[in-house]
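Protein chains in written order, with our numbering: chain W, -1 to 252; chain Z, -16 to 277.
The set of hints was computed from the structure by calculation and includes no laboratory data. Since the model is a prediction, treat every value here as computed from it, not as a measurement. Incorrect hints may have been included.
[Unchecked claim] A partial selection of chain W residues facing chain Z, derived with a Cβ cut-off under 10 Å:
1) G78
2) P95
3) G100
4) L186
5) E187
[As the list claims (entries may be wrong)] One side of the interface only, derived from the structure: several residues of chain W facing chain Z at Cβ under 7 Å:
6) S77
7) Y80
8) E81
9) V93
10) F97
11) D98
12) M103
13) E106
14) L118
15) F119
16) R124
17) L212
By construction, the Cβ of each residue, glycine as well, lies at the ideal position given by its N, Cα and C atoms.
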Amino acid sequence: MVSIDVHDASVDFPIFDAKSRSLKHTVLGVVGGNVAANARKVVVIEALRGIDLHLQDGDRLALVGHNGAGKSTLLRLLSGIYEPTRGQALINGRVAPVFDLGVGMDPEISGLENILVRGLFLGMTRKQMEARVDDIAEFTELGNFLNMPLRTYSTGMRVRLALGVVTSIDPEILLLDEGIGAVDAAFLERAKGRLKALVDRAGLLVFASHSDDLLKQLCTSALWMEHGTIRQQGPLDEVLDAYAGREHVPSGAD
Amino acid sequence: MSSSSTTTPDSAAAPTAAAPPGLRPPGRDFGSTFRDLRTGWNQRELWLHLGWQDIRQRYRRSVLGPIWITISMAVTAIALGILYAGLFGNPLEEQLPYILVGFIVWTFISGCISEGSEVFVANSGLITHLPAPISIHVYRLVWRQSLFFAHNLIVYAVMLVVFPQPLLWTDLSAFPAFGLLVLNGAWVALLIGIVSTRFRDLPPVTQSVVQLLFFLTPIVWIYEDLLENPNVAQRARIVEFNPIFHFVEILRRPMLGMDQHLHNWVIVAAITVVGWTLTLLVMRRYRGRVAYWV
Chain W
-1 MVSIDVHDAS
9 VDFPIFDAKS
19 RSLKHTVLGV
29 VGGNVAANAR
39 KVVVIEALRG
49 IDLHLQDGDR
59 LALVGHNGAG
69 KSTLLRLLSG
79 IYEPTRGQAL
89 INGRVAPVFD
99 LGVGMDPEIS
109 GLENILVRGL
119 FLGMTRKQME
129 ARVDDIAEFT
139 ELGNFLNMPL
149 RTYSTGMRVR
159 LALGVVTSID
169 PEILLLDEGI
179 GAVDAAFLER
189 AKGRLKALVD
199 RAGLLVFASH
209 SDDLLKQLCT
219 SALWMEHGTI
229 RQQGPLDEVL
239 DAYAGREHVP
249 SGAD
Chain Z
-16 MSSSSTTTPD
-6 SAAAPTAAAP
4 PGLRPPGRDF
14 GSTFRDLRTG
24 WNQRELWLHL
34 GWQDIRQRYR
44 RSVLGPIWIT
54 ISMAVTAIAL
64 GILYAGLFGN
74 PLEEQLPYIL
84 VGFIVWTFIS
94 GCISEGSEVF
104 VANSGLITHL
114 PAPISIHVYR
124 LVWRQSLFFA
134 HNLIVYAVML
144 VVFPQPLLWT
154 DLSAFPAFGL
164 LVLNGAWVAL
174 LIGIVSTRFR
184 DLPPVTQSVV
194 QLLFFLTPIV
204 WIYEDLLENP
214 NVAQRARIVE
224 FNPIFHFVEI
234 LRRPMLGMDQ
244 HLHNWVIVAA
254 ITVVGWTLTL
264 LVMRRYRGRV
274 AYWV
């Protein structure tokens, strides 16, 4: 039973400046009475506020919104990386977050080893990954380069490898955050096919992107984030149109 | 600058689920603390692999590879053994094994403490990108230190051939002793790791304290020798207040076939219980905050 239940969840980031991020001030603060209240004051960024969201098996949700609207933070909330500061987020299912293709990749080890490590990070077992290595190798077209350390790869080759691994897994909850570029066009076409197959395997998808084209291919519903809150949620076309419409309104309204 | 009316969700279509009952501060209970430790443990395949990778990484492209761990331990122990045997006027066959075993144990302990202070900060990329229990980073650290320990045991094995020690069956207590060291290494790394992720002054403080502890712990100097000297015997007893001393003793004594003292074991057991209790309390409260702080 794959599901995500978020109830009135908020995510606040404490921003410790150099002063408050030190033991000295806290220690002195405890002793110092009134000064303490000021010294301990920590700036907080409210990244998400009052998020209510219920997703279940089969949902294909697109996330849209301006830069800094809270899309990535929401994905991290849904993945369980950030536990909500207030409210609740209940996640049932194995989460495969694909936020940054490079994370967990080690430049000093070979491509093959990176495939294994990346797979383990995404919740696969060693056996499962060994069974998929050939498939991934074929897809990436890297050939003998797979035995070379990753630092010898070009950016495009790294993306190929990362995409190859990511699209080979069996996630229950798949969270995608843009970042699919820097690949040559022909390869991207093939990657799209694999991406679609991956999404079909996944029980639940949340996909943040600025590309209407991709969103329309992969998603059925959409959620529009603005200033850390949900602005609108509904069928894909409706929300995309509303979002695009607002985009076109002269900036006076903002 | 923007109108604040947009802050409320104005969508009629928002399918708000019925509020789950029993709203408590999320994740701040012992249940999720133990779940973190358990699921982290279940991801052994990952951190066992990463721990190995860390070691191979450090010596990648060197001809001898991880054997360098063994070699540098041997060089240090032999050099210090000869030096201090000369300085203290002790026989080499007594001083060198004492320093070597002390050093091997110390390397494990200090590794857990000083690397513990950076265990989450150093992994901030992984922590903010992949939803994993925070404990896997600590398991990886302790496993890596255990691998260092294993490499250093080769020097110990050679030493046993050159300078045979009067080992008895009771000296098998070295195994549970190492188990206790591992158990304590884990809570120390978790605790220091969490606190120093919040307070970034702690890592340098930790490094200094660890360095100081090295001199306060009988590793290059022999505690018993001081006790025989009436001028300093009283002052030397202060060592008993150094917790690291007891950890070194429970492992060094069996490894050198020396008489074992029960009080060392009792103190270590007590520290294990108190330390884990404290760590679990801190984890319950702050485990979820680590991702925000890194």
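Hints, verified against the model:
With its C-beta approaching chain Z no nearer than about 4 Å, G78 of chain W sits inside the 10 Å limit, and its interface hint holds. Checking P95 of chain W against chain Z: minimum C-beta separation of about 6 Å stays under 10 Å; hint holds. With a least beta-carbon distance of about 9 Å to chain Z, the hint placing G100 of chain W at the interface is held under the 10 Å criterion. This hint is violated: L186 of chain W has a C-beta 23 Å from the nearest C-beta of chain Z, more than the 10 Å allowed.
Interface restraint check for E187 of chain W: the shortest CB-CB distance to chain Z comes to about 27 Å, outside 10 Å, so the restraint is violated. Checking S77 of chain W against chain Z by beta carbon gives a least distance of about 5 Å; that is within 7 Å, so the hint holds. Interface restraint check: Y80 of chain W against chain Z, minimum CB-CB distance 6 Å, threshold 7 Å, status holds. Proximity of E81 of chain W to chain Z holds as hinted, the smallest CB-CB distance being about 4 Å (cut-off 7 Å).
Of the supplied interface hints, the one on V93 of chain W holds, with its beta-carbon coming within about 5 Å of a beta-carbon of chain Z, less than 7 Å. A cut of 7 Å between beta carbons decides the hint on F97 of chain W: the least distance to chain Z is about 5 Å, and the hint holds. With a least beta-carbon distance of about 5 Å to chain Z, the hint placing D98 of chain W at the interface is held under the 7 Å criterion. With a least beta-carbon distance of about 10 Å to chain Z, the hint placing M103 of chain W at the interface is violated under the 7 Å criterion.
Taking 7 Å as the C-beta contact cut-off toward chain Z, the hint placing E106 of chain W at the interface holds, the least distance being around 6 Å. Taking 7 Å as the C-beta cut-off, the interface hint given for L118 of chain W holds, the closest approach to chain Z being about 4 Å. Hint status for F119 of chain W relative to chain Z: holds, with the closest Cβ pair at about 5 Å, below 7 Å. Evaluation of the R124 of chain W hint against chain Z yields a held restraint, the C-beta minimum of about 5 Å falling below 7 Å.
Annotation: interface hint on L212 of chain W violated; nearest CB of chain Z at approximately 21 Å, more than 7 Å.
When held up to the earlier numbered hints, the structure conflicts with 4, 5, 12 and 17 and fits the remainder.
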